[in-house]
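Here are the chains, one letter per residue:
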Amino acid sequence: MNNIEQKNQKPIAYYPGCSLNSTAIDFNISVKNLLKILKINFKEIKDWNCCGTTPAHNTSSEMSIALSARNLFLAKNMGCDEIICPCVSCYCKLFEASFILNSNITSRSEFEKKKREEILNLFKNMGFDTESELNFKVYSIVEFLYKNRDLIRQKFSENKIKNNNIVIYEKEKELLTQLKPVCYYGCVLLRAEYSTKFDNAENPVSMEEILKTVDIKSKNFRFKTECCGAILSLTHKEIALKLSKEILDAALEAGANSIIVFCPLCQQNLDLRQTQINKHFKTNYNIPIYYISQILGLALGLSYEDVMINKLFIKPEIKKLKQVNFQYL
Amino acid sequence: MKIEDSYLEKIKEEILTIIEPGIYYCYQCGKCTAGCPISYVYEYQPNEIIRLIQLNKINVIFNSNSIYLCTSCEICSSRCPQNVNIAAIMNYLRIKSWHYKRFKLKRIYNFYKIFLKIIEKFGRSFEPLLIICLNFLNKTFFNDFDSALKILKKRKIKIIPELLKNRKEVSFIIKKYS
Ligand code: SF4
Ligand code: SF4
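Just so you know, the protein sequences line up as chains A and B, in that order.
If you want our numbering, it's the position in the first sequence, counting the first as 1, plus 87.
If you want our numbering, it's the position in the second sequence, counting the first as 1, plus 46.
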């Protein structure tokens, strides 16, 4: 207990990003509630802006870095240098900006050094404090949870002990007992040039390890790090549908009945577009796509509403079980 | 349309000096192409792109669809046995094609244009406007109509854009670099 409290003295900044503010609101709320029950002290960055995602990244590297740098400087103004960023696309951009800006990095190329000067100058002129030591740490949600597995395990066993006193929600219990998931990491988080590479890029296991702490076992999956087509779904839909379909195929082949993800874009391509996939390929998929924060939240005692399961487009079909032998909660 | 040689030479020189000095280490093993999820629609495969740069044929790259469809998934770079940073090269060529008005795929071009305009105005993305403008410009009026309806039904989207307090800073950044 002691070390949790100590860790929480300094708040962590939370950057939701545009997706989590609209189409992935379920991800946003479930992550926030999850962090709350884990007693993580966090606050949302005030007046945060869009990271520019693919359009900025693909048209001007300086624009992309400057947009993310603004968010980092805002976090700094709030007294935070650690930032949690659930969206993978935002994470890559924020991490790149932190790599360019941080004072203690010596391995920058000439090109990167030039960018650094340019960006610092820009923000100095905009009135931000660029003189003091910059030491930003950007975490994706998976990395953050992976690092805090002990905390999750502790919370989980606390719940188990309290088992008799707390309400055990019916639906939640059934969803978890019937869950046979595969973990899907998406293509870029562990591969990006600018990222912490906290797990193996070709065969990551961090999500499985996180789920193990709450006794959820996932199936072996050979499509863990394939690409879902990302933002091509807006302009060249056929490509995104084909790639997403292959992922669904592989999940069924692995014997799974659901997929657990942590990227709002992957979730959208697999969940919202599953009906389009069915129509396009004359298939009949009905595979719920959960965010890791939703499943973890349920296992740690949150309700359906707390993690917004009702916002999923493919609803989990839960068979009523009469007598469940339930080991969660 | 013909671009002057000096311009192309400059791009190549920049790739060699600042993006990927190791471009000649590529031994055409094709591992990048094997892993690339989009390669099946590419007119030129990632390993061919590397070869084209070596042969000073950047013009050919600009005129094919490959660099524009690339999703920056970085599978190619992370698997290359010679450590060639293909994804960075693809990205750099894309940026150059944008700035020299050579961006070939109009639908993606429109998407980027509208998206950046929206952040310039609001500071954050605003999907309803994005989809409407995009479908209008691309003349794909009923594209994603079903998805839009579903999203509305679930109330997953805001109808009114959020405005940042200091959105001037954001539009300044966007104007400065576009
Ligand atoms: S993987 Fe590397 S060495 Fe092999 S063809 Fe691609 S760029 Fe060349
Ligand atoms: S980064 Fe682009 S070229 Fe490389 S594997 Fe991904 S889609 Fe293909």
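What the hints contain is simulated information worked out from the structure, not anything from laboratory work.
Please note: incorrect hints may appear among the correct ones.
Below 25 Å or equal to it, Euclidean Cα-Cα: the simulated DSS-like pairs (lysine-lysine) are [unchecked claim]: (1) K126(A) / K211(A); (2) K167(B) / K133(A); (3) K185(B) / K324(A); (4) K214(B) / K130(A); (5) K211(A) / K199(B).
Which chain A residues stay away from chain B? Per the calculated CB distances, all over 10 Å, these [what the hints assert, rightly or not]: (6) P98; (7) A143; (8) E204; (9) R240; (10) E245; (11) R278; (12) D302; (13) C314; (14) K324; (15) N344.
Idealized CB from N, CA, C, for every residue including glycine.
Going down the list of hints, with the structure as the test:
1. K126(A) / K211(A): Judged against 25 Å, a Cα distance of about 36 Å means the pair is violated.
2. K167(B) / K133(A): Given pair K167(B), K133(A) holds - Cα atoms ~18 Å apart, limit 25 Å.
3. K185(B) / K324(A): Since the Cα atoms of K185(B) and K324(A) sit roughly 15 Å apart, the hinted pair holds (cutoff 25 Å).
4. K214(B) / K130(A): Measuring from Cα to Cα gives roughly 24 Å; hence the hint holds.
5. K211(A) / K199(B): Violated, at roughly 45 Å.
6. P98: holds, 21 Å
7. A143: violated, 7 Å
8. E204: Since the minimum Cβ distance to chain B is about 15 Å, E204(A) lies beyond 10 Å and the statement holds.
9. R240: holds, 31 Å
10. E245: holds, 33 Å
11. R278: violated, 4 Å
12. D302: holds, 31 Å
13. C314: violated, 4 Å
14. K324: violated, 7 Å
15. N344: Correct as stated: the minimum Cβ-Cβ distance to chain B is 22 Å, above 10 Å.
Checked against the numbered hints given earlier, the structure breaks hints 1, 5, 7, 11, 13 and 14 and satisfies all the rest.
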